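Enquirer: Please work from the sequences and hints to get the whole structure.
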Amino acid sequence: MQWTSGIIEQLPRDLSTIAPEIALVITILALILIDLLMRGEVSFSISFFAIIGVFISLHLLFNAFYNPAPSRTAFWGLLAVDKFTLFLKLIFLLSTFLVILLTLQSNLIYPYRVGEYYTLLLTATMAMCFLVSARNFILFYLALETLSISSYVLATYTKRDVFSTEAGLKYLIYGAAASAVMLFGISYLYGLTGTLDITAWVNVLTPVTSLTVLLALLLVFVGIAFKISAVPFHFWAPDVYQGAPTPITAYLSVASKIAGFGALFRVSLPLFTDLIIPGSKKILLMLGPYHFQFATFFWIISVITMTFGNLVALRQNNLKRLLAYSSIAHAGYILMGMTVLDAAALKAMLFYFLIYMFMNIGAFYCAIVLENKTRIGDITHYKGIVNEYPYLVVGFGVILFSLTGIPPFGGFIGKYLLFAAVVNKALSTPHAMFYFSLAIIGVLNSVISLYYYVRILKIMVLESPAKKIGVPWTPVESLLIAIFVIAIFYLFVLWTQPYVLIENVVKSIIV
Amino acid sequence: MLYDFANIVVFLVLTGVLVFGTLLVGRLVRTQKPTPEKNTIYECGEPPFGSSWVRYNIRFYNIALVFLIFDVEVVCLFPVILVLQHFKLISRTLMLVAVGEVAFFVVVLVIALIYAWHKGALDWLRAPESPYSVEESHNPE
Chain A
797 MQWTSGIIEQ
807 LPRDLSTIAP
817 EIALVITILA
827 LILIDLLMRG
837 EVSFSISFFA
847 IIGVFISLHL
857 LFNAFYNPAP
867 SRTAFWGLLA
877 VDKFTLFLKL
887 IFLLSTFLVI
897 LLTLQSNLIY
907 PYRVGEYYTL
917 LLTATMAMCF
927 LVSARNFILF
937 YLALETLSIS
947 SYVLATYTKR
957 DVFSTEAGLK
967 YLIYGAAASA
977 VMLFGISYLY
987 GLTGTLDITA
997 WVNVLTPVTS
1007 LTVLLALLLV
1017 FVGIAFKISA
1027 VPFHFWAPDV
1037 YQGAPTPITA
1047 YLSVASKIAG
1057 FGALFRVSLP
1067 LFTDLIIPGS
1077 KKILLMLGPY
1087 HFQFATFFWI
1097 ISVITMTFGN
1107 LVALRQNNLK
1117 RLLAYSSIAH
1127 AGYILMGMTV
1137 LDAAALKAML
1147 FYFLIYMFMN
1157 IGAFYCAIVL
1167 ENKTRIGDIT
1177 HYKGIVNEYP
1187 YLVVGFGVIL
1197 FSLTGIPPFG
1207 GFIGKYLLFA
1217 AVVNKALSTP
1227 HAMFYFSLAI
1237 IGVLNSVISL
1247 YYYVRILKIM
1257 VLESPAKKIG
1267 VPWTPVESLL
1277 IAIFVIAIFY
1287 LFVLWTQPYV
1297 LIENVVKSII
1307 V
Chain B
101 MLYDFANIVV
111 FLVLTGVLVF
121 GTLLVGRLVR
131 TQKPTPEKNT
141 IYECGEPPFG
151 SSWVRYNIRF
161 YNIALVFLIF
171 DVEVVCLFPV
181 ILVLQHFKLI
191 SRTLMLVAVG
201 EVAFFVVVLV
211 IALIYAWHKG
221 ALDWLRAPES
231 PYSVEESHNP
241 E
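Protein sequences, first through last, are from chains A and B. Residues 797 to 1307, numbered by the numbering used here, are exactly what the first sequence covers, in order. Residues 101 to 241, numbered by the numbering used here, are exactly what the second sequence covers, in order.
If you're looking for bench data, these hints aren't it; they were derived computationally from the structure. Every value quoted in this text rests on a predicted model; they were computed, and no experiment measured them. Do not take every clue at face value.
Some chain A residues flagged as far from chain B (calculated, every beta-carbon gap over 12 Å) [stated by the list, open to error]:
1. A826
2. I828
3. A972
4. I1096
5. H1227
To give an idea of the chain B side of the interface with chain A (calculated C-beta under 7 Å), a few residues [claimed, not checked]:
6. N139
7. N157
8. I211
9. Y215
Calculated cross-link-like contacts (lysine-lysine; reagent style DSS-like; alpha-carbon spacing at most 30 Å) [stated by the list, open to error]:
10. A/K955 with B/K219
11. A/K1254 with A/K1179
12. B/K219 with A/K966
Ideal placement from N, C-alpha and C gives every residue a C-beta, glycine not left out.
Expert: Structure (structure tokens):
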């Protein structure tokens, strides 16, 4: 009973470090009760309470950010409470807020069943917050499953729609398989290390056991790769993204994917060599011979993912399916940073998350507006839509060019930082060609992606319209599109502001 | 290291031999006198009828899920009660904190139960459709 000593003193401090999550849990419980107590049309009030909950959580998060906890772990090392975790949580909460705004605009979410919808959405957000801060495999797996199960239900939320049902079923089956494989890997790691610490695998990475450790890590990676939809674990993504209600698609493609990357960072943090202070030379010594193997592994996954995503996206006609393949390709770009495995790459990836959140949720917002106006998801039906909805097409154009990574938009900075990290690494290692080739493949992929992004705009702008749609444009739509466009320009012009924040964040996890 | 894998190989081979070997021996040794009675599906001695591919009523799953609420509650409360005795010896505050945590856990489960009750998961005979189902079936692509 040694651990009980000091528990009374420690408990309030530990609980205060998870204040944002506690706020979310209380919001979830309140939402269920409000939904039960109020009858009839509750759509607006429930969304209102959900937004308030997210804002309280954000407020507590900022509090924690500017008054950092004295210790970097809480609950006897179960949770990491550093700024790095807080930054990822910030992205989750912001994207949840944006997704709630999208939900209010979408026709797909029926007004009388929103209680469950917001409950599940916030549950998934809460699970993500725990997932990226977990330092223990049990908590890690529990958070991952909570996230997954909420996402399965959300994907099949419009249950009378056959595509949505298909999406939920496919997601469930793939997800169950991936998480079983991951659990198997975790059991190996536990057997090898004798502890559930998430980074303990470094200590057993000796020539004798390396094969087993690497195999176990590969199995754990399967579960994570499923979340980030990296090829070859991407098969669920196109169907689920197409079938799920569009706000949920935006949520899965942004928040869930970034949560997957957050989990990947937690497991692979010892690989980022310049985040380890000289004092712990032991880790470097152990990783030494294997470091390049990890880089090669991520090189292969990254190249396959981005090339596959971009090539298949060329042939897509359904807008949501196209954006699904585009988001697979973006996972590939972000994985380039995992090949480099240094602090610069980590910063680049974190910045990419920030801009990717605005770009991708913005793109799905445009998809929602188009869905509401035309009731069709096929881009060949959007001919000449610019005549009726000029703001939409201009805003969508900005978002799509930003997704490509063309200069006056924020996506350029995200890609620039990633490529700069790769090229810098190439200049400073003996494996120059290894990294240069990755950069070249990445640039070529960006060129390919330009084609299918611009093709949407070409159909919308240059082709003559078939007939008038006649659904009026509303000021709320202008406002929401303006939010995304302004965010994208802001991140291009004033990108140093968030970047300074990110530098601060990465500094906080140097071990 | 590699020698350790030999154990696994031997184990795999033995597994195969045991499974397929017994089946093979059974095939060689047993008598085969099939009758129509023997060839029917075993259904606890009853003569089988109908297709076995019937749909189970979805309500069974509902009830099972509601049952889980109580089941998980009990399973999770047992260890806490055992630890509480130790806590009581150490300090009273500690015990009260633990009781508070357990109370919160129970409150969450009670909310889940209220939810299930309110949504009609406990009614075996349920009103067939919600008044909104017409709106719901009218679904844009």
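Enquirer: Work down the list of hints and note, for each, if the structure agrees.
Expert: Okay, the hints, checked on the actual structure:
1. A826: A/A826 not clear of chain B: closest Cβ-Cβ about 10 Å, inside 12 Å.
2. I828: Violated, because the least Cβ-Cβ distance between A/I828 and chain B comes to about 6 Å, which does not exceed 12 Å.
3. A972: holds, 16 Å
4. I1096: holds, 26 Å
5. H1227: holds, 28 Å
6. N139: It is violated, given that the least Cβ distance between B/N139 and chain A is near 34 Å, above 7 Å.
7. N157: violated, 18 Å
8. I211: holds, 6 Å
9. Y215: holds, 6 Å
10. A/K955 with B/K219: holds, 17 Å
11. A/K1254 with A/K1179: holds, 9 Å
12. B/K219 with A/K966: Given pair B/K219, A/K966 holds - Cα atoms ~27 Å apart, limit 30 Å.
In this structure, the earlier hints numbered 1, 2, 6, 7 are contradicted, and the remaining ones agree with it.
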